[in-house]
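Trainee: Chain residues, written in single-letter form:
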Amino acid sequence: MKKMQFLENIWYCAAYTAEVADKPLARMICGMPMVLYRAESDEVAALEDRCPHRQAPLSMGNVIGETIQCDYHGFLFDKTGACTHIPRQDRIPAANRVDAFAAVERWGFIWVWWGDQSKVDGTTIPDLSWTADENRRVQYFHWHVNANFQLMADNLLDVSHVDFLHKHSIASKIDPTAKQAEAPKVTMETKVKGDAVHSLRLVHNTMLAGITAAWHGSEGPVTRVSTGKWLPPNSCILKLQFEDENGDINETINLDHIMTPETENTCHYFMDWTWDFGGPDGYPDHDDVDREQRSLIECDDIPMVEAQQRNLELFDNVQDIPVKQDKFVNRVHKVLQRLYAEQGITERVEVTRMAAE
Amino acid sequence: MKKMQFLENIWYCAAYTAEVADKPLARMICGMPMVLYRAESDEVAALEDRCPHRQAPLSMGNVIGETIQCDYHGFLFDKTGACTHIPRQDRIPAANRVDAFAAVERWGFIWVWWGDQSKVDGTTIPDLSWTADENRRVQYFHWHVNANFQLMADNLLDVSHVDFLHKHSIASKIDPTAKQAEAPKVTMETKVKGDAVHSLRLVHNTMLAGITAAWHGSEGPVTRVSTGKWLPPNSCILKLQFEDENGDINETINLDHIMTPETENTCHYFMDWTWDFGGPDGYPDHDDVDREQRSLIECDDIPMVEAQQRNLELFDNVQDIPVKQDKFVNRVHKVLQRLYAEQGITERVEVTRMAAE
Amino acid sequence: MKKMQFLENIWYCAAYTAEVADKPLARMICGMPMVLYRAESDEVAALEDRCPHRQAPLSMGNVIGETIQCDYHGFLFDKTGACTHIPRQDRIPAANRVDAFAAVERWGFIWVWWGDQSKVDGTTIPDLSWTADENRRVQYFHWHVNANFQLMADNLLDVSHVDFLHKHSIASKIDPTAKQAEAPKVTMETKVKGDAVHSLRLVHNTMLAGITAAWHGSEGPVTRVSTGKWLPPNSCILKLQFEDENGDINETINLDHIMTPETENTCHYFMDWTWDFGGPDGYPDHDDVDREQRSLIECDDIPMVEAQQRNLELFDNVQDIPVKQDKFVNRVHKVLQRLYAEQGITERVEVTRMAAE
Numbered sequence: 001m002k003k004m005q006f007l008e009n010i011w012y013c014a015a016y017t018a019e020v021a022d023k024p025l026a027r028m029i030c031g032m033p034m035v036l037y038r039a040e041s042d043e044v045a046a047l048e049d050r051c052p053h054r055q056a057p058l059s060m061g062n063v064i065g066e067t068i069q070c071d072y073h074g075f076l077f078d079k080t081g082a083c084t085h086i087p088r089q090d091r092i093p094a095a096n097r098v099d100a101f102a103a104v105e106r107w108g109f110i111w112v113w114w115g116d117q118s119k120v121d122g123t124t125i126p127d128l129s130w131t132a133d134e135n136r137r138v139q140y141f142h143w144h145v146n147a148n149f150q151l152m153a154d155n156l157l158d159v160s161h162v163d164f165l166h167k168h169s170i171a172s173k174i175d176p177t178a179k180q181a182e183a184p185k186v187t188m189e190t191k192v193k194g195d196a197v198h199s200l201r202l203v204h205n206t207m208l209a210g211i212t213a214a215w216h217g218s219e220g221p222v223t224r225v226s227t228g229k230w231l232p233p234n235s236c237i238l239k240l241q242f243e244d245e246n247g248d249i250n251e252t253i254n255l256d257h258i259m260t261p262e263t264e265n266t267c268h269y270f271m272d273w274t275w276d277f278g279g280p281d282g283y284p285d286h287d288d289v290d291r292e293q294r295s296l297i298e299c300d301d302i303p304m305v306e307a308q309q310r311n312l313e314l315f316d317n318v319q320d321i322p323v324k325q326d327k328f329v330n331r332v333h334k335v336l337q338r339l340y341a342e343q344g345i346t347e348r349v350e351v352t353r354m355a356a357e
Numbered sequence: 001m002k003k004m005q006f007l008e009n010i011w012y013c014a015a016y017t018a019e020v021a022d023k024p025l026a027r028m029i030c031g032m033p034m035v036l037y038r039a040e041s042d043e044v045a046a047l048e049d050r051c052p053h054r055q056a057p058l059s060m061g062n063v064i065g066e067t068i069q070c071d072y073h074g075f076l077f078d079k080t081g082a083c084t085h086i087p088r089q090d091r092i093p094a095a096n097r098v099d100a101f102a103a104v105e106r107w108g109f110i111w112v113w114w115g116d117q118s119k120v121d122g123t124t125i126p127d128l129s130w131t132a133d134e135n136r137r138v139q140y141f142h143w144h145v146n147a148n149f150q151l152m153a154d155n156l157l158d159v160s161h162v163d164f165l166h167k168h169s170i171a172s173k174i175d176p177t178a179k180q181a182e183a184p185k186v187t188m189e190t191k192v193k194g195d196a197v198h199s200l201r202l203v204h205n206t207m208l209a210g211i212t213a214a215w216h217g218s219e220g221p222v223t224r225v226s227t228g229k230w231l232p233p234n235s236c237i238l239k240l241q242f243e244d245e246n247g248d249i250n251e252t253i254n255l256d257h258i259m260t261p262e263t264e265n266t267c268h269y270f271m272d273w274t275w276d277f278g279g280p281d282g283y284p285d286h287d288d289v290d291r292e293q294r295s296l297i298e299c300d301d302i303p304m305v306e307a308q309q310r311n312l313e314l315f316d317n318v319q320d321i322p323v324k325q326d327k328f329v330n331r332v333h334k335v336l337q338r339l340y341a342e343q344g345i346t347e348r349v350e351v352t353r354m355a356a357e
Numbered sequence: 001m002k003k004m005q006f007l008e009n010i011w012y013c014a015a016y017t018a019e020v021a022d023k024p025l026a027r028m029i030c031g032m033p034m035v036l037y038r039a040e041s042d043e044v045a046a047l048e049d050r051c052p053h054r055q056a057p058l059s060m061g062n063v064i065g066e067t068i069q070c071d072y073h074g075f076l077f078d079k080t081g082a083c084t085h086i087p088r089q090d091r092i093p094a095a096n097r098v099d100a101f102a103a104v105e106r107w108g109f110i111w112v113w114w115g116d117q118s119k120v121d122g123t124t125i126p127d128l129s130w131t132a133d134e135n136r137r138v139q140y141f142h143w144h145v146n147a148n149f150q151l152m153a154d155n156l157l158d159v160s161h162v163d164f165l166h167k168h169s170i171a172s173k174i175d176p177t178a179k180q181a182e183a184p185k186v187t188m189e190t191k192v193k194g195d196a197v198h199s200l201r202l203v204h205n206t207m208l209a210g211i212t213a214a215w216h217g218s219e220g221p222v223t224r225v226s227t228g229k230w231l232p233p234n235s236c237i238l239k240l241q242f243e244d245e246n247g248d249i250n251e252t253i254n255l256d257h258i259m260t261p262e263t264e265n266t267c268h269y270f271m272d273w274t275w276d277f278g279g280p281d282g283y284p285d286h287d288d289v290d291r292e293q294r295s296l297i298e299c300d301d302i303p304m305v306e307a308q309q310r311n312l313e314l315f316d317n318v319q320d321i322p323v324k325q326d327k328f329v330n331r332v333h334k335v336l337q338r339l340y341a342e343q344g345i346t347e348r349v350e351v352t353r354m355a356a357e
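Residue numbers (this note's numbering), protein chains in the order written: chain Y, 1 to 357; chain U, 1 to 357; chain P, 1 to 357.
Calculated from the structure, these hints are not laboratory results. Among these hints, one or two may not hold up.
Treat identical chains as interchangeable: a pair holds within one or across any two.
Restricting the straight-line Cα-Cα distance to at most 30 Å, the calculated cross-link-like pairs of lysine-lysine (DSSO-like) are [what the hints assert, rightly or not]: (1) Lys193 <-> Lys79; (2) Lys173 <-> Lys334; (3) Lys324 <-> Lys191; (4) Lys179 <-> Lys79; (5) Lys239 <-> Lys179; (6) Lys191 <-> Lys119; (7) Lys79 <-> Lys173; (8) Lys23 <-> Lys229; (9) Lys167 <-> Lys229; (10) Lys173 <-> Lys239; (11) Lys167 <-> Lys79; (12) Lys119 <-> Lys179; (13) Lys179 <-> Lys23; (14) Lys193 <-> Lys167; (15) Lys119 <-> Lys167; (16) Lys173 <-> Lys119; (17) Lys193 <-> Lys179; (18) Lys193 <-> Lys173; (19) Lys173 <-> Lys23; (20) Lys193 <-> Lys119; (21) Lys167 <-> Lys23; (22) Lys79 <-> Lys324.
Taking the hints into account, I'd like the entire structure generated from these sequences.
Mentor: Structural data, given as structure tokens:
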């Protein structure tokens, strides 16, 4: 297996809760094939997805109590990766074990610690506490993307794409060739605080269209308020609000987009979409949100990002040319550059040709 | 991207006219991902298929006037590859551009100049003027082939394959094991004129079968007259006629087979089939020709050539053993050898194991 | 083509008889693309699958008498690989030939000699004479497996997997977590005789379940008697019997599993299933055996072995950890180690991480 280098001693999102139920789940994280299983006690374990006997994937087996059984020859392993039973043999060699990864279930996601397992720090899981707010509804998603996880994250860090890539769904009403002076005014601020990067982007006096108009439920111009917070390795914690002319905000959507590398050129895209509003007809309900977000992300974003990935492989000697709207992206890349350097990762996968700020 | 070397300062066929209409067309030519689009003025442009901002393929976008718009963030580019509009930003960096390739529409095809764009020479597009003859009908084709473009061209340069590979469609009636003395007499002449290679092949006193018999419409032996002209990079300009016993020719078919490399091991196969005959029942009409030619080329030729390609990869140490019927092929290979040498192309992809004459 | 090294001067199974009938069969053996064809005389020939003229696969052609005709330009080749006819040309260059491989049809299989063709030795084909016993019925199988042939063979050399991988079909009734003292007693003996490895494994006083119970047709505990004989390159000649409490054996099944490498990481899996029993209702008939064995091997064994192959590629620095039940496997690996060494094969493909005994 090609050795890739990913940021270590940090939590990567590995699944959302409902993905790990009765059956073990095979999932590759940072190039490591893992099996996630939910034991009888409801605790979730993450192990290397192999039986040390003959390298059969444990994920093809079944959960028995607190252990997982290899389907090939019936060996059992506990949550620490130790073999606890070999059929027709009482002695179990100490070497008969696999690596375990700390796994924590929080905010509807399962987080796995990548790096030194003696340094596990549960306090560094991102705060997504709105997902637990009983006055809100939450819908969870998982996509597999054939692109590097940074390309997918960059998509969320530059919401200026919304007016073009999503012109038939969540864009504002715009003239695609309007000069700056003729378009709604946009203001954007970004700030780095430690390893986090914050962004506030306002589109003033704009007319909602498509799905956003349906969410808002009334006509007239609004200010689109996009608040962003990025956390390493690649969580894009976004909030979208529509401010009326009189300053009222009636809708708050938390959209947490969490990217986890599967391999160098593929990733897992997790999302929760958490909302606090709804019309008298119940719209948008869970099914509406599921349909709308799948449509957007599966038809617009993922095909575009996968096409970027292919082009980066085809055009191997070109550099991106950043523009003003890329400020948030650039600051994130600069933090990443520092973090990789701090970990001595020189073989960092160059996931993007975008210069750091 | 692996650097391949193709003949330069020459026109490659990139599409037939109808392929470039309302929507941009993504097409890789000589290993270069290009976007072809038809502007409002009806002129066709060919650009690198990437936006310099984030490397999104321009072919996923739309035509606006004379420009093409990137679908990701809305940048516009004109036919020279220059960026003419960046949303929410008035200043456009000069570096914000991509390469453009000269594109000319002629004889129902779109031709793209590969090499030094200051040396574009519109006079060197092959003459296919019969496609514009109002007394003839034309049907255009495009196939994608998983084989080197020379292997596909060689297929057309050796029509002796017709009696075997196409034994159920356009072959003459033959005995597959007949000794030379027992088979219809074949005469063949070839001649090199500059970069062109000409061929004249006659099969005397032969009985038509299958589709060719249906075209000809009457029984009795004929002389099959196959005239061939090859032009670099790989245009096989063929003519097929059936001469009656009394010397009359009632059918002339121009079949222009034009091969364009996509990559080292894949190619585009373009064809026009131009005919001047037809029975009182209208046969063969456009649908007949489309069905017949697709059947022939998709079921017989392309599978065979793709199988050759696979075998060239599997048997990497064998040489072809040419026979008398390969004279046209060999002379073409000899011209190609000279042309590549003249361009100093030493890393020429060895597309065939057939020795030059 | 990557040069792999396989044991030489030995017979590899290439097909079962019914696979080579009217049409030539393309089959890659030890990395060599071969064509197998049955001549008019009923003899089977094995040639390189290419025409020396332009490298078209001969397997796309047809049999004419004792020869095979290339479908591209009509050349004929005999069973020795020599060209016997070139259309429109009487002279045949001596170089116009391909390699032939000795091919013998025996026990319902076609065996091909890999290595020095001057050392062909028909006496070393494995004895599967029960397939010719008129009191038995035989069903033949061929599968293509995306795994190294040794991994697939190891599956048959360790029947302890039956109770887990086949728990829903041919397992005994077991408690998957039973300690050794609580489970049916198992005895196992193995012995090396020259290049052969023999194994006898008894599971005492066990209750049959699923399909095995249906075969046996009566309740009550039995002794499962598994006799195994392994022969290089990778034939697993197995026999399964159920011994009643009174010592009677009413069913004998010969299961010959013969593995032939296609490439380094893919193989052909041939099997005959030969049985001497059957209920008054005819069960199991050929259709029953075909359905049952396909179900077992296609749903359980092959997916597991292909998953092992993927894991060996993903986890490239792990060693298997053998257990007591692997004794037969280990002794086979030790013989293989000696045989490869005797042939000076140092670039042996490491097909498994299992240490030799």
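Trainee: Taking the hints in turn, state whether each one holds.
Mentor: Comparing the hints with the structure gives:
1. Lys193 <-> Lys79: Neither: 37 Å inside a chain and 44 Å across chains, both beyond 30 Å.
2. Lys173 <-> Lys334: neither (33 Å within a copy, 61 Å between copies)
3. Lys324 <-> Lys191: Answer is within: at 15 Å inside a copy they meet the 30 Å cutoff, but 62 Å across does not.
4. Lys179 <-> Lys79: between (59 Å within a copy, 20 Å between copies)
5. Lys239 <-> Lys179: within (28 Å within a copy, 56 Å between copies)
6. Lys191 <-> Lys119: Within one copy, since 29 Å is at most 30 Å while 51 Å is not.
7. Lys79 <-> Lys173: between (53 Å within a copy, 28 Å between copies)
8. Lys23 <-> Lys229: Neither way: Lys23 and Lys229 sit 34 Å apart in one copy and 38 Å across, limit 30 Å.
9. Lys167 <-> Lys229: within (24 Å within a copy, 51 Å between copies)
10. Lys173 <-> Lys239: within (20 Å within a copy, 57 Å between copies)
11. Lys167 <-> Lys79: between (48 Å within a copy, 24 Å between copies)
12. Lys119 <-> Lys179: neither (52 Å within a copy, 37 Å between copies)
13. Lys179 <-> Lys23: Intra 55 Å, inter 25 Å, cutoff 30 Å: inter-copy only.
14. Lys193 <-> Lys167: neither (33 Å within a copy, 57 Å between copies)
15. Lys119 <-> Lys167: Neither. Shortest intra-copy (46 Å) and inter-copy (41 Å) distances fail the 30 Å Cα cut-off.
16. Lys173 <-> Lys119: neither (50 Å within a copy, 45 Å between copies)
17. Lys193 <-> Lys179: neither (34 Å within a copy, 57 Å between copies)
18. Lys193 <-> Lys173: neither (34 Å within a copy, 62 Å between copies)
19. Lys173 <-> Lys23: between (46 Å within a copy, 23 Å between copies)
20. Lys193 <-> Lys119: within (23 Å within a copy, 55 Å between copies)
21. Lys167 <-> Lys23: Answer is between: at 17 Å across copies they meet the 30 Å cutoff, but 40 Å inside does not.
22. Lys79 <-> Lys324: between (49 Å within a copy, 25 Å between copies)
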